[in-house]
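Here the protein sequences line up with chains A and B, keeping their order.
Counting from 1, one number per residue, gives the positions in the first sequence under our numbering.
Counting from 231, one number per residue, gives the positions in the second sequence under our numbering.
Be a bit skeptical, because a hint or two may be false.
[What the hints assert, rightly or not] EDC-like cross-link-like pairs, simulated, lysine to aspartate or glutamate; straight-line CA separation at most 16 angstroms:
1) A:K89 x B:D430
2) B:K288 x B:E357
3) A:K79 x A:E120
4) A:K115 x A:D98
5) A:K116 x A:D98
6) B:K385 x B:D366
7) A:K76 x B:D430
8) A:K131 x A:E120
9) B:K385 x B:E291
10) A:K72 x B:D442
11) A:K19 x A:E136
12) B:K429 x A:D92
13) B:K288 x B:E339
14) A:K79 x B:D442
I should point out that these hints are in silico values taken from the structure, not numbers from a laboratory.
Since this is a predicted model, take the numbers as computed values, not measurements.
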Amino acid sequence: MISAKGVSLRYKDGTLALKDVTMEIKPGELVFLTGPSGSGKTSFLKLLMGMEYPTTGTLTVIGQLITKEEVKNIRKLRKSIGPIYQEFKLIDGRTSLDNVMMGMRFLDIPSKKIKKIAEEAIERVHLEQKKNTLVENLSWGQSQRVAIARAVARKPALILADEPTGNLDYENAINILQLLYSFVDSNTAVIITTHATHLIQNVPHATCIEVEEGKLRIIKGEARVDETRT
Amino acid sequence: MKLVHNIGYFLREVANIINMNLLSNLLSVLGTGLILFLLGLVITGWNISSKVVETLQKEAEISAYFNETVTYNKAEEMIEYINSIDGVENARLVSETEAFSRMQDILGEEAKILELFDENPFEAYTEVRINLEEMDFVLNQISIMEGISYVRDNKAVLEQVQRLTRGLNMISYLVMIAVGITTLVIISHLIRQSIYNNKDQINTLRLLGAPDSFIGFPFLLSGILLTLTGGILATIFIVFLINMGYNQLTGALPFIPLPNRGTLLLKLSVLLPAISIFLGVLGSIFGLYKER
Ligand SMILES: Nc1ncnc2c1ncn2[C@@H]1O[C@H](COP(=O)(O)OP(=O)(O)OP(=O)(O)O)[C@@H](O)[C@H]1O
Ligand SMILES: [Mg+2]
Chain A
1 MISAKGVSLR
11 YKDGTLALKD
21 VTMEIKPGEL
31 VFLTGPSGSG
41 KTSFLKLLMG
51 MEYPTTGTLT
61 VIGQLITKEE
71 VKNIRKLRKS
81 IGPIYQEFKL
91 IDGRTSLDNV
101 MMGMRFLDIP
111 SKKIKKIAEE
121 AIERVHLEQK
131 KNTLVENLSW
141 GQSQRVAIAR
151 AVARKPALIL
161 ADEPTGNLDY
171 ENAINILQLL
181 YSFVDSNTAV
191 IITTHATHLI
201 QNVPHATCIE
211 VEEGKLRIIK
221 GEARVDETRT
Chain B
231 MKLVHNIGYF
241 LREVANIINM
251 NLLSNLLSVL
261 GTGLILFLLG
271 LVITGWNISS
281 KVVETLQKEA
291 EISAYFNETV
301 TYNKAEEMIE
311 YINSIDGVEN
321 ARLVSETEAF
331 SRMQDILGEE
341 AKILELFDEN
351 PFEAYTEVRI
361 NLEEMDFVLN
371 QISIMEGISY
381 VRDNKAVLEQ
391 VQRLTRGLNM
401 ISYLVMIAVG
411 ITTLVIISHL
421 IRQSIYNNKD
431 QINTLRLLGA
441 PDSFIGFPFL
451 LSGILLTLTG
461 GILATIFIVF
471 LINMGYNQLT
481 GALPFIPLPN
491 RGTLLLKLSV
501 LLPAISIFLG
511 VLGSIFGLYK
521 ER
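Take these sequences, add in the hints, and give me the full structure.
Okay, here's the thing in structure tokens:
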């Protein structure tokens with residue numbers, strides 16, 4: 001599903017955010033990316049969504065090569081990804097429900113079903129009472145749940161969640177994580193970045209990757225991270 | 231793309247886009263309305279002037295005057311011959327009395343001046359209606375006829391009118407180009423502004439994989455809606471103005487050959503909205519394209 005070979009990412013200002021990453025993630029995997037702030041977790045997710053391109057190395061996501069030349073196809077690839085951004089990127093001036101539906105309108109989902117699927121997704125994140133509330137009036141945790149609902153309602157093959165538990169109390173954080181795990185199946189991989197290592201220690205079948213200064217190091221699990229190269 | 235199924239969504243987006251910048255959108259509607267109104271005026275002027283030319287061209291005529299030697303019977307014969315010349319539509323004799331009463335009609339209240347004459351100062355002549363294109367040939371044919379003292383034509387007047395309409399056509403084309411460019415600039419600028427105002431939303435939609443056609447369609451729609459509103463405003467004003475003008479003109483200046491009112495109104499109320507839609511589409515596409 002994801003294959004990176006010698007991938008590095010250097011931002012325009014010279015920051016080397018990822019260094020020579022070689023790894024593979026298969027469908028059905030649940031992957032945690034942990035590591036200190038500024039270590040490169042978000043940068044890695046950005047590469048997977050084609051928001052940035054590898055400076056060196058080759059990266060393919062669901063069969064799609066991530067390079068500048070592939071912009072058009074990357075746009076199509078994004079339809080198969082359910083992104084949950086660290087800063088949510090909800091669309092102001094719309095209700096929670098509208099935001100969730102907005103993420104589905106251009107997918108191959110019959111338009112009659114869109115509303116029903118969106119409502120179900122809203123229910124799964126327990127926001128029934130807030131579905132007609134404008135998103136700018138939601139609390140931080142509620143906004144986060146709308147972002148999650150928007151991502152999962154799309155029935156993506158790859159869910160990328162950037163800090164979905166940040167700022168949530170223990171109980172809500174666990175709930176959110178369990179919700180995200182529930183989308184892992186034989187076709188769907190879920191990648192979650194988090195600082196909260198204590199929340200994920202006992203998750204079975206999960207792969208934990210620690211990111212440190214742009215390097216990925218596997219802590220536990222199935223994903224293969226090639227550490228021989230530097 | 232699922233245009234039809236999402237039409238409700240798109241319309242809400244259009245409302246959003248227009249609302250976000252309501253004042254400048256309203257001003258643009260007024261602006262394009264005004265410009266299209268000018269265009270409507272020019273089209274109207276164009277229609278009227280070509281109607282005038284058309285009418286005048288049908289009036290192409292030659293008056294041929296006889297020698298004193300020509301008797302009435304001889305004149306009849308000559309008219310028969312003139313009628314057989316190619317390019318002559320109709321030739322007929324205008325008698326002294328008819329010539330006199332025509333002048334009376336033309337002079338109207340000033341006709342009293344004719345009473346100063348002891349006897350009718352007019353002479354009989356032949357009035358020849360012809361095709362404008364054949365004017366030179368017919369003129370030549372008649373003037374070489376025996377018994378004709380001289381011929382008079384209204385060619386100079388007709389040519390002047392034609393030159394005038396050619397000038398008017400030039401102006402119309404220029405105004406059309408100016409209107410087109412101005413509307414395009416206004417609308418494309420407006421769309422770019424709207425896109426800028428919505429850039430966060432557009433960016434998010436791109437990240438979610440929405441195709442540009444899906445993202446751009448509401449902007450295209452709002453561009454069309456704005457110019458079309460301008461176009462409809464312009465049409466309402468011009469229809470109002472033409473109705474007023476016709477009511478006044480047909481009373482005061484009955485001899486001006488105006489084009490049929492209904493046809494003119496229909497033409498304008500199809501043409502102006504159609505042009506505005508066309509310009510709206512084009513302007514929005516420019517706006518969208520520049521923003522890529
Ligand atoms: N657009 C950018 N331009 C330049 N540098 C950037 C950019 N985005 C991120 N960086 C830098 O790249 C490094 C990795 O950032 P990244 O956002 O990936 O960290 P992170 O692991 O997600 O951190 P956090 O846990 O705080 O979200 C940081 O040093 C950051 O300052
Ligand atoms: Mg981050």
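Structure-based check of all given hints:
Taking the CA atoms of K89 (chain A) and D430 (chain B), the gap is near 8 angstroms; set against the 16 angstroms cutoff, the hint holds. Our distance criterion of 16 angstroms between C-alpha atoms is met by K288 (chain B) and E357 (chain B), whose separation comes to about 14 angstroms. Using a Cα cut-off of 16 angstroms, the hinted pair K79 (chain A) and E120 (chain A) is violated, with the two alpha carbons roughly 20 angstroms apart. The suggested pairing of K115 (chain A) with D98 (chain A) holds, with an alpha-carbon distance near 9 angstroms, which does not exceed 16 angstroms.
Note on K116 (chain A) and D98 (chain A): the hinted pairing holds, with a Cα-Cα distance of about 12 angstroms set against a maximum of 16 angstroms. Our distance criterion of 16 angstroms between C-alpha atoms is met by K385 (chain B) and D366 (chain B), whose separation comes to about 9 angstroms. Between K76 (chain A) and D430 (chain B), the direct Cα distance comes to roughly 20 angstroms. Violation of the 16 angstroms bound is thereby established for this hinted pair. A C-alpha spacing of about 11 angstroms is found between K131 (chain A) and E120 (chain A), which places the hinted pair at or below 16 angstroms, so the restraint holds.
Restraint check for K385 (chain B) and E291 (chain B): satisfied, since their Cα atoms lie roughly 8 angstroms apart, inside the 16 angstroms limit. Restraint check for K72 (chain A) and D442 (chain B): the C-alpha separation of about 10 angstroms stays at or below 16 angstroms, so the hint holds. Proximity of K19 (chain A) to E136 (chain A) is assessed by CA-CA distance (about 37 angstroms); at most 16 angstroms being required, the pair is judged violated. Our distance criterion of 16 angstroms between C-alpha atoms is met by K429 (chain B) and D92 (chain A), whose separation comes to about 12 angstroms.
Under the criterion of a C-alpha separation no larger than 16 angstroms, the hint pairing K288 (chain B) with E339 (chain B) is inconsistent with the structure, at around 28 angstroms. For the suggested pair K79 (chain A) and D442 (chain B), the alpha carbons sit about 13 angstroms apart, so the restraint of at most 16 angstroms is met.
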